[in-house]
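These protein sequence lines map, in sequence, to chains A and B.
Going by numbering that gives the first Met the number 0, the residue at position 302 of the first sequence is 301; the numbering climbs one at a time, nothing skipped.
Going by numbering that gives the first Met the number 0, the residue at position 91 of the second sequence is 90; the numbering climbs one at a time, nothing skipped.
A portion of the hints provided could be inaccurate.
Identical copies carry no separate label here, and so any pair may be met within one copy or between two of them.
Below, computed lysine-lysine pairings styled on PhoX-like, alpha-carbon distance capped at 25 angstroms [what the hints assert, rightly or not]: (1) 400 - 297; (2) 1 - 221; (3) 46 - 355; (4) 297 - 394; (5) 81 - 400; (6) 19 - 1; (7) 3 - 196; (8) 239 - 394; (9) 1 - 400; (10) 239 - 75; (11) 398 - 297; (12) 19 - 221; (13) 355 - 400; (14) 398 - 3.
Hints listed in this document are in silico derivations from the structure and should not be mistaken for laboratory results.
Take a look at the letters that make up each chain.
There are 2 protein chains.
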Amino acid sequence: MKNKLYFKSDAKEVQTSAFKAIEKEQESIGYYALPEQDISPVLEYCKTVAQSVETIAVIGIGGSSLGAKAIYEFIKPVKSLKRKLYFLESTDPINISTLLSKFDIKKTHFLVISKSGNTVETFSIYKYIYSLQNDSSAYTFITDPNSPLEAYAKEIDASVLYLPNNVGGRFSVLSTVGLVPLALCGIDIKELLAGAKTIKDSFFKDGYLKDTILKKAVYYAKNHKQYNINCIFAYSETLKYFCEWYVQLWGESLGKFQRHSAFNVGLTPIGLIGPKDQHSFLQLIMEGTRDKSVTFIKIEDFHDNISIPNITLPHLEALDILNNLPFSELINMQCDSVVEALDETGDIPLDTITIKSVTEANIGSLIFYYEVLTSLVGELIDVNTYDQPGVEAGKIILKKKLGA
Amino acid sequence: MKNKLYFKSDAKEVQTSAFKAIEKEQESIGYYALPEQDISPVLEYCKTVAQSVETIAVIGIGGSSLGAKAIYEFIKPVKSLKRKLYFLESTDPINISTLLSKFDIKKTHFLVISKSGNTVETFSIYKYIYSLQNDSSAYTFITDPNSPLEAYAKEIDASVLYLPNNVGGRFSVLSTVGLVPLALCGIDIKELLAGAKTIKDSFFKDGYLKDTILKKAVYYAKNHKQYNINCIFAYSETLKYFCEWYVQLWGESLGKFQRHSAFNVGLTPIGLIGPKDQHSFLQLIMEGTRDKSVTFIKIEDFHDNISIPNITLPHLEALDILNNLPFSELINMQCDSVVEALDETGDIPLDTITIKSVTEANIGSLIFYYEVLTSLVGELIDVNTYDQPGVEAGKIILKKKLGA
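In isolation and in its complexed conformation, chain A is listed as follows (with noise of 0.2 angstroms):
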């Protein structure tokens, strides 16, 4: 992974300090730790999932499942996999009814996750199913050892998955929730870790990518009354999942009162794709409000030979240019030259990660590299990355409706 920032960001001593803090929150979080976790356990589980389960069905939301979702739509499209995978979230009945009707309930196997058990999508949504597939051999459960829902789980004799200590939902695809499902898909997990622990080491470990993320949190935090949207923009349709997995992680963790205030801070995700957002998103950029930073995703090599054919179409001979250009060549060129306006204006802060091809490994890299940045703003704007008190509220009025 290349990270090319176009704007200068100093203030040494506070990118010391802040890295500090994140390698002392080594001890109390636990994301940092899963590059390195012993990962034979998912892969012996999976061994007990019978090879003739054609599909997958994840009963999640939010961190359950957006994180999984992201590496799957990112590999699909490249890679012949084992298994389907779908994602069971919306309490939408159109939506459930739709999902239902793509694969055979008999030859799916169902994970259903969920820290506490007691999450109303994810349960409702279960109970629907249950009431079709009452084999409990078709269900894997992963949560919190001695929840409620272990207890259940254990009654009708299902297997059940533990979530790691210390991981909250939007820094655990790393993690049981994320890789079970994967795995079960044919994901190479071994290499989505090497991934994510190459970024890992160059970050904690003095490598090239250590300043650049340095710099880049410290001129988010610093910056974040004049920019506080920050836009993804990245060129490939495999990144739309991963943009929605960023937009928890990012909005999730940095949208807070302070700690040490009684100000409301955050910063806005926004996730954008390219070139098809230059005809939709990319004029608010170029002349609206100076509110956005934008970073630029590329892929440098899609393995993909296809190219415009040389044809010349009478009447619209201009576009002869385009001819013999391998598609992958256009939409870099498409980006580099968007960047290129972009920084023209001087007054938007910009900066491009390129990576080098649609692989686990380079997704892994992708999703560490995000979670280090997460935290680090968190740390600079002074709130608590981890937790997300402000949708008690919501939970509290549903029950009280419900319980009416």
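Based on these hints, arrange chain B on the given structure of chain A.
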């Protein structure tokens, strides 16, 4: 459609002058007249496409695809349609190959949509498709009269349809651009326009929505420096692509240099889907910086009668409060609970839009509502709502790169 504002907005005289400006704009801006157009030419054209055609594929980007996609994806889950509809809009080679593997190119009619005939994405994809299918009867071109693209289409003896006068891409969904692909798939375009006309009449003929839309527009404009981000939080997966359409409409129309100043202004659109994004973005709205307004969209009746079964799960008896509840009631209770929770903060501008059900008329209404709202806000923040000069710089750089 119902629309309830949870914030106060006065400034009666500003409302009146904005209304007058929009009334006058109807003379020069074409989209206002679309609800009353004669659709018989579209329906006649549709009869010329062979019954054996199974798939319609739009080759177009931005305003040429987002609107039809929004409507198609809204209706598709609830109506058995005549043909499938795909959109070829990215130069991502992996995406092109993946899409082409999903349908039979020999049973597909392609709609190539481009105002000018020089959109890089559209014509690089078109050339590629044309190298696989060079039967010109498989193509219809939708373009401006007397454009080079029209000349090309006539040269190869393909069908040509025209874009209406003075209707920009992002306001064109209710013209041939959207109506043709939708009608070919069996979407009821008469109902679609009738739904749009309801809103048009309600707004222009002193109906119940006039005051509400004006108040909302004036509030957004007056407070655009504080609330520079506008979220749609739609409680149904069917509205996912409506949100993408809205993002283009809002962002590209309102992100501009002001007409009478050197200031960059703009309002940033964000599309969210409930309840999923309660587990992703809600924390940021609830406790983050007070820079967001939120419009909730609810569907009263999903016409899908699935309910949560009356099952008690041992150790999870607390979940029995969900039993027997129709999912459609649950999802709307979830929405109401979040609205209440956010309203209690006192400093987040909220409103709710409720539509009755998933029908062509109702999406037509939503579309026209947002078009008028966009025009009003554009007028009030002093931008040219209908151009997009900011996207040119990148295009010029790309052309240089392509020429080199």
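The hints, checked one at a time:
Taking the shortest Cα distances, residue 400 and residue 297 sit within 25 angstroms of each other only across copies (17 angstroms), while inside one copy they are farther apart (47 angstroms). When the C-alpha separation of residue 1 and residue 221 is checked against a cutoff of 25 angstroms, the pair qualifies only within one copy, where the shortest distance is 24 angstroms, while the shortest distance between copies is 42 angstroms. Taking the shortest alpha-carbon separations for residue 46 and residue 355, neither the intra-copy value of 32 angstroms nor the inter-copy value of 48 angstroms comes in at or below 25 angstroms. Within a single copy, residue 297 and residue 394 get their C-alpha atoms only as close as 39 angstroms, which misses the 25 angstroms cut-off; across copies the closest is 18 angstroms, which meets it.
In this homomeric assembly, residue 81 and residue 400 never come within 25 angstroms of each other (Cα to Cα): the closest approach is 43 angstroms inside a single copy and 41 angstroms across copies. In this assembly of identical chains, the alpha carbons of residue 19 and residue 1 lie at most 25 angstroms apart only when taken from the same copy (24 angstroms versus 53 angstroms across copies). Taking CA atoms no more than 25 angstroms apart as the test, residue 3 paired with residue 196 passes inside one copy only; the shortest distance there is 20 angstroms, against 50 angstroms between copies. For a Cα distance limit of 25 angstroms, the shortest separation of residue 239 from residue 394 across copies, 23 angstroms, qualifies, whereas the shortest one inside one copy, 29 angstroms, does not.
Taking the closest pair of Cα atoms, residue 1 and residue 400 come within 25 angstroms of each other only across two copies (22 angstroms); inside a single copy the shortest separation is 50 angstroms, beyond that limit. Taking identical chains as interchangeable, the C-alpha atoms of residue 239 and residue 75 lie at most 25 angstroms apart whether they share a chain (12 angstroms) or sit on different chains (22 angstroms). When the C-alpha separation of residue 398 and residue 297 is checked against a cutoff of 25 angstroms, the pair qualifies only between copies, where the shortest distance is 20 angstroms, while the shortest distance within a copy is 45 angstroms. For a Cα distance limit of 25 angstroms, the shortest separation of residue 19 from residue 221 inside one copy, 18 angstroms, qualifies, whereas the shortest one across copies, 44 angstroms, does not.
In this homomeric assembly, residue 355 and residue 400 come within 25 angstroms of each other (Cα to Cα) only across copies, at 22 angstroms, whereas the closest approach inside a single copy is 51 angstroms. For the homomeric pair residue 398 and residue 3, the shortest alpha-carbon distance between copies (24 angstroms) is at most 25 angstroms, but the shortest distance inside one copy (48 angstroms) is not.
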